[in-house]
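Work the whole structure out from these sequences, hints included.
In order, the protein sequences belong to chains A and B.
Under the numbering used here, the final residue of the first sequence carries the number 244; numbering is consecutive throughout.
Under the numbering used here, the final residue of the second sequence carries the number 244; numbering is consecutive throughout.
Wrong hints could be hidden among the right ones.
[To be verified] Partial pick of chain B residues on the chain A-facing surface, computed with a CB cut under 8 Å:
1) GLU63
2) LYS188
3) ILE189
4) ALA193
5) SER197
6) THR198
7) PRO209
8) LEU210
9) LEU211
10) SER236
11) TYR239
12) ARG240
Simulated from the structure, these hints should not be mistaken for lab results.
Every value quoted in this text rests on a predicted model; they were computed, and no experiment measured them.
In this text, a Cβ means the ideal position worked out from N, Cα and C, and glycines have one as well.
2 protein chains.
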Amino acid sequence: MSTDPSGPAFSPLYQQIKLLITRSLQEGEWKPGEAIPAETDLAARYRVSQGTVRKAIDELATENLVVRRQGKGTFVATHAEEQIQYRFLRLAPDDARPRGMERHFIDCRRMRPPAPIARALELKGAEGAILVRRTLAQDDRPVVLDEIWLPALLFKGLTAERLTDYIGPMYGLFETEFGVRMIRAEEKIRAVAADASTAGVLAVAPGTPLLSVERLSFTYGDKPVELRRGLYRTDSHHYRNTLN
Amino acid sequence: MSTDPSGPAFSPLYQQIKLLITRSLQEGEWKPGEAIPAETDLAARYRVSQGTVRKAIDELATENLVVRRQGKGTFVATHAEEQIQYRFLRLAPDDARPRGMERHFIDCRRMRPPAPIARALELKGAEGAILVRRTLAQDDRPVVLDEIWLPALLFKGLTAERLTDYIGPMYGLFETEFGVRMIRAEEKIRAVAADASTAGVLAVAPGTPLLSVERLSFTYGDKPVELRRGLYRTDSHHYRNTLN
DNA sequence: TAGTGGTCTAGACCACATC
DNA sequence: ATGTGGTCTAGACCACTAA
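As structure tokens, this is what we get:
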């Protein structure tokens, strides 16, 4: 019945419920790894039918914000405590099954970010950034060199030591120690030639073609919270992608 | 009722319906671009409720086998007649919106496929293959060099002329002329150095780092029907990917 | 045995497209 | 006015998990 020309903005009930649940996730009402209330409970809480809650949760599950486990409940997704070591890492060995990789942190220091970095992370004014550099290796052969830029305000107190000591994926540390959950990411991939210093770290000849993977990661509300540039050796690994 | 110990193989009704619909799609009962019967009709046909058909179609829609259009119907997905020129091409210009690219076919000839190609395409015995080579260019600057291997049995009569004359994406031609629909694909990406002949075609210096994108495409029943190796210049373009 | 998510139904009503 | 997909409900029953 609305005649508002600027936009009816019709929103289905289940979308509104989804938004409410998302907000609770964001505010930490239910922590990563914990179960959220049963569908029937949520239905009572929001005064809608179970089917409507169900459809909301369905979408949250496909977006990997929650994980359903039949007979047990619905759980807040987490990067920690997972069998999949690196949910966002698409690099796989050419032959075998994906094995674990050894991490080595080169340094972790606070820096004034270059303008493009600050712009990508939407840093206001003179807001600082933290630069982490690390490598991933397999069978003692370096494969990945990462440069990771983080907003200093969100990751106050991050040190190489804490990174080294933490068991599990870095995004798990971000969750448990800093309350920052990575939800989604966009990658831009290029082929580049290894410069002298990169070549040294990755143990290849200067000029060797490397995969350059620039990743911008987002937390709730599409807020960018990490800019990462990875250089991948692809002589015994490859970047995997699936198209639908 | 089954006491088969080898596996209960419980399958929800909507999965069975989904399989039946998929089979009809595969057999061409409804052609690409056409509408499939209304949900209520399918419900009557399969003797289930509309909600069950709905859930089956929901999954087919997320797999991009069909496209729903409110008020109009559900349509068989097609690579032809689409606004998105290349559904599977993830290459985007660094700055602007994705524009169209000019195609140029270098050649199209029947060949005995190398063993790795034959294996990937699951070719039996001495089954032949067709090799298509083409470039994509933007603003008269070559960006992509593709080598495309196809099973000769499926694409009998494919010529460079037909490829050149056809308006629209190549996968559209495959659909309308050969009845082969590309459903899904897997890509393996590496960084490589341009060899002399590639460098000439792409107008770069030999040794220039290029993205090597190896794509294996599947039709219904996860049957591989195309192996494509693309070499991408990434000086003004990049490969885009989204992680969830 | 109880609690959870998963399936299925039947029916009502809404939003969109077309005639 | 009609037909399509989209939303929402209420309730029944199934499958899985854990105590």
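The hints, checked one at a time:
{"no.": "1", "hint": "GLU63", "verdict": "holds, 6 Å"}
{"no.": "2", "hint": "LYS188", "verdict": "holds, 4 Å"}
{"no.": "3", "hint": "ILE189", "verdict": "holds, 4 Å"}
{"no.": "4", "hint": "ALA193", "verdict": "holds, 5 Å"}
{"no.": "5", "hint": "SER197", "verdict": "violated, 17 Å"}
{"no.": "6", "hint": "THR198", "verdict": "violated, 12 Å"}
{"no.": "7", "hint": "PRO209", "verdict": "holds, 4 Å"}
{"no.": "8", "hint": "LEU210", "verdict": "holds, 5 Å"}
{"no.": "9", "hint": "LEU211", "verdict": "holds, 5 Å"}
{"no.": "10", "hint": "SER236", "verdict": "violated, 10 Å"}
{"no.": "11", "hint": "TYR239", "verdict": "holds, 4 Å"}
{"no.": "12", "hint": "ARG240", "verdict": "holds, 6 Å"}
The structure fails to meet hints 5, 6, 10 from the earlier list, while all remaining hints are met.
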